[in-house]
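Trainee: Residues per chain are reported as follows:
Protein chains: 2
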Amino acid sequence: MAALGVEPLGHVLGGRSVVEDDRWGPVEARLRLDHPRVSAETVRGLESFSHLEVVFVFDRVDPDGIEWGSRHPRGNPDWPLVGILAQRAKDRPNRIGVSRCELVAVDGTDLLVRGLDAVDGTPIIDIKPWLEGFAPRGEVREAPWAGELMRDYW
Amino acid sequence: MAALGVEPLGHVLGGRSVVEDDRWGPVEARLRLDHPRVSAETVRGLESFSHLEVVFVFDRVDPDGIEWGSRHPRGNPDWPLVGILAQRAKDRPNRIGVSRCELVAVDGTDLLVRGLDAVDGTPIIDIKPWLEGFAPRGEVREAPWAGELMRDYW
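Residue numbers (the working numbering), protein chains in the order written: chain E, 623 to 776; chain D, 623 to 776.
It is worth saying that the hints were derived from the structure and are not from the lab. Please note that the accuracy of each hint is not assured.
It does not matter which identical chain is meant; a pair holds if it fits inside one copy or across any two.
SDA-like, lysine to any residue: derived pairs with alpha carbons at most 20 Å apart [as the list claims (entries may be wrong)]:
id, residue 1, residue 2
1, 712, 699
2, 712, 772
3, 712, 756
4, 712, 728
5, 712, 639
All of these numbers come straight from a predicted model, not from anything done at the bench.
All chains should be built: construct the whole structure from the sequences, respecting the hints.
Mentor: Structural data, given as structure tokens:
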């Protein structure tokens, strides 16, 4: 299928340099939006929001290592075989990550954030304000392994 | 900056054919994941989740019409000038949308969904299960215009 024209708007600066599974909550980093077309106008008003939704690319994943089938989350045989689109692992088609984090401050076109689970150097392809109105509607049900996996994540 | 290799995994089939602002909640559609590498294994176990996070491309937006500065959300002069990355409008850099919707059923590699705010034909670039553990942590604060805009959205 035809590739879509997606390009980085900037990168994660600081935070963790090594990919780890857990304890992302206190990690602070700077989102440096240095695309030539991004200016202070592009992020105007963002400070009215406490949380961001950040869309990024797991660029350290080798494209040849992308999973298209199923596997045990985190390789844990106690958990079921789960398709890559039924989990949030990084080795996924298109290698796209989506996470919510706290917006600590806006500094020009740099955004200071806390609790973003993306390492130093990660390309950012979109930033959106988090609106409670965009949370899931109705009761949420999830697989038991998912709650276990998240126990120490933040 | 260099383009990233992002390609559609499939498309929205059905639902709305015309872009509208409001009342997306009852809209049902089928996500047809017809990329040649997607199989039943790719979505195995997805039925254990009630909600999906869908990443898609607003492909009806003319790339030349992308906003990089600020404007009034929905063109409403009663609301402030807001940067495109401080709102969720479709005419944004990279044209990426992220939404949560209900997963009604899995039918092979088709996913039946309810309440996805993407029109018929929209390219899908990622599907993730919604985990409550990935919701924002801490108290959420948002701009007053955002709550007004969402009043009739679903």
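Trainee: Now tell me, hint by hint, if it's right for this structure.
Mentor: Hint check:
1. 712 to 699: The answer is within: 19 Å in one copy meets 20 Å, while 41 Å across copies does not.
2. 712 to 772: within (15 Å within a copy, 31 Å between copies)
3. 712 to 756: Cα proximity of residue 712 and residue 756: across copies only (15 Å, versus 23 Å in one copy).
4. 712 to 728: neither (28 Å within a copy, 23 Å between copies)
5. 712 to 639: within (16 Å within a copy, 33 Å between copies)
Of the numbered hints listed earlier, the single one contradicted by the structure is hint 4.
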